[in-house]
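Protein chains in written order, with this note's numbering: chain A, 1 to 277; chain B, 1 to 296.
A few of these clues could be false.
[Said to hold, decoys possible] Which bits of chain B does chain A cover? Going by a derived footprint, with three or more residues having C-beta under 8 angstroms, they are:
(1) 183–192
(2) 205–215
[Stated by the list, open to error] Below, computed lysine to aspartate or glutamate pairings styled on DMTMM-like, alpha-carbon distance capped at 25 angstroms:
(3) K203(B) with E103(A)
(4) K203(B) with E187(B)
(5) K207(B) with D113(A)
(6) K203(B) with E85(A)
(7) K207(B) with E96(A)
(8) K203(B) with D113(A)
(9) K207(B) with E58(A)
(10) K207(B) with E114(A)
(11) K203(B) with E114(A)
(12) K207(B) with E103(A)
[What the hints assert, rightly or not] If you only want the chain B side, here are some residues facing chain A, beta carbon under 7 angstroms, derived:
(13) G198
(14) A199
(15) L285
(16) W288
For the record, the hints were derived by calculation from the structure and aren't laboratory data.
Where a beta carbon is used, it is the ideal one built from N, C-alpha and C, also for glycine.
Listed below, chain by chain, are the residues.
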Amino acid sequence: MAFVVVSDLSKTFISKNQMVIAALANVSLEMERNQFLCIVGPSGGGKSTLLNIMAGFERPSQGKVLVGGHEVKGPSPSRAMVFQEFALFPWFTVRENVAFGLEMQSMSKPERDEVVSHYLDLVGLRRFANNFPIELSGGMKQRVAIARALAVNPEMLLMDEPFGGLDSHTRGFMQQELLRIWEKERKTVAFVTHSIDEAITLADTVAVIAGRPGTVRSFTKVSLPRPREEADPEFVKLKVEVRSQIQAASLSEEEWETDAGGVGRESRWRKFRLFAR
Amino acid sequence: MKISTTAYNGRPSVPSEGAVQIQVPGRSARPRGVNFANLEKRLGGLASIAALMGFWEALSRLVLPRLDPQFAILVPPPSRAFMSGLRALLSGELLRHILASSERVLLAWSVVAVIAIPLGIAIGWWPRVNRFLGPIVEMVRPIPPIAWIPISILWFGIGMTQNVFIIMIGAFFPILINTVHGVRSIEPILIRAALNLGAPPWKLLRKVVLYGALPNIFTGLRIGLGVSWMLVVAAELVAATSGLGFMIEDARNFLRTDIIFMGMVIIGCMGILMERILRRVERALLVWYHGAQHHE
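Turn these sequences into a full structure, and let the hints guide you.
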């Protein structure tokens, strides 16, 4: 059996105005150990919801996630998350942030210091060990977050648009950094992004999740050797392929929206509720 | 909580990836030489106070006695208030009152902090505690602390205990409410991150919730201290035999308006002093929140 198995996953929410919103429907996918999977698709397509369910922050409405044969029932350091918003603890220094997960496991201080130093070296931030997050740039903050996630020695890494908040220059740099780190510390990675370029630059496999509710539209294997060049004809070919899959999904979604007249109906409903109040 | 990568109150942020040094702005960052604009700003404030004092002095020495000698007594010249302040200081009398008031304030305020902060965290963190205690808080909170004075005199008599009780009532709610607010305003993603890294409930509370609420807790402590200082005077006016409030009330009996005014000014100064000290402590403890910057 594959290392990560997502089987027939669906998720529905109840929105503030009491509407039922389907975020994901019948999503199934598998990941081998140490595979780098990128999940790509338009925003609002349920990519982050899928990652949150894999992390154990949210429960699925239907279906389940197995990691290493165990069902995901809640958050765990074995599935460490890297957030788009960095989510560093602003009151701790860089060193204390990276040590946080180890401290939670009650690891002794000398041991902890050794592990933390190793990961600070890995992300190249040793000199900033005693700075507070407020003193770092966005790219540096995200490198701290990656070090913090790796320090707990997780079985897999979940990354939710980790470079989405960075400028394009820093973004490209961080992608190469991540690959460099990944070469050294092989992990199973699920990486959510809305950038097709980013997905093809990083992934072994690109999964397209699109539509409302989000479903898996396709898997595309990327077997180009790393580092990959965006001007490479093979790269461009893959990009066109993935883009056409996303476009196909969003075309059918537009139809769906005009058919249902979703927006108009919602506002009429809201008017009615105001009146009733 | 703001996490900002741009310049933050004059502190340069790290511009880009790679080899960069964090600049720590020190005294040298200030412009050298006499800053005339700054000088004007400071002296301008002093000048207006000096003008007011001069006007007041002239009024109560030259104008009022001619109108009605009683007026001159009710509005004493500032110089006389200053001199009587000096006399009270030299005799040790003034210091005794200042210490008495400060002692009450600090005792009540620190006891309240120890109670209200954990309680506020509990109310903010567990909805169940909030449902249980929230209504009580909302019922007692609107009662002005001063309205507790009559019953507290019956309960505790006149003196320290009653004064401290009134201050505690007043300081309790600002600290509690701000702590609750602080807990609720922690970014949910930080809680997620902590859970993801395996934080057990107790450590989550201590390492994330408490720290995250700290800026608001300090706001509460500051407001609470200000309220305490107002209330110690109120309590001493009616139920004490020492303290600055007692001192000015006692002076009223002897028509010593100079002491009353002097006492009022000292009460104001003490309030400012306490606020300043607490602000410094806050700056030192919350470097991660305010950024490292020098004091203005």
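Hint by hint, here is what the structure shows:
no.	hint	in the structure
1	183–192	holds (count 4)
2	205–215	holds (count 5)
3	K203(B) with E103(A)	holds (10 angstroms)
4	K203(B) with E187(B)	holds (17 angstroms)
5	K207(B) with D113(A)	holds (18 angstroms)
6	K203(B) with E85(A)	holds (23 angstroms)
7	K207(B) with E96(A)	holds (11 angstroms)
8	K203(B) with D113(A)	holds (19 angstroms)
9	K207(B) with E58(A)	holds (23 angstroms)
10	K207(B) with E114(A)	holds (21 angstroms)
11	K203(B) with E114(A)	holds (22 angstroms)
12	K207(B) with E103(A)	holds (10 angstroms)
13	G198	holds (4 angstroms)
14	A199	holds (5 angstroms)
15	L285	violated (10 angstroms)
16	W288	holds (4 angstroms)
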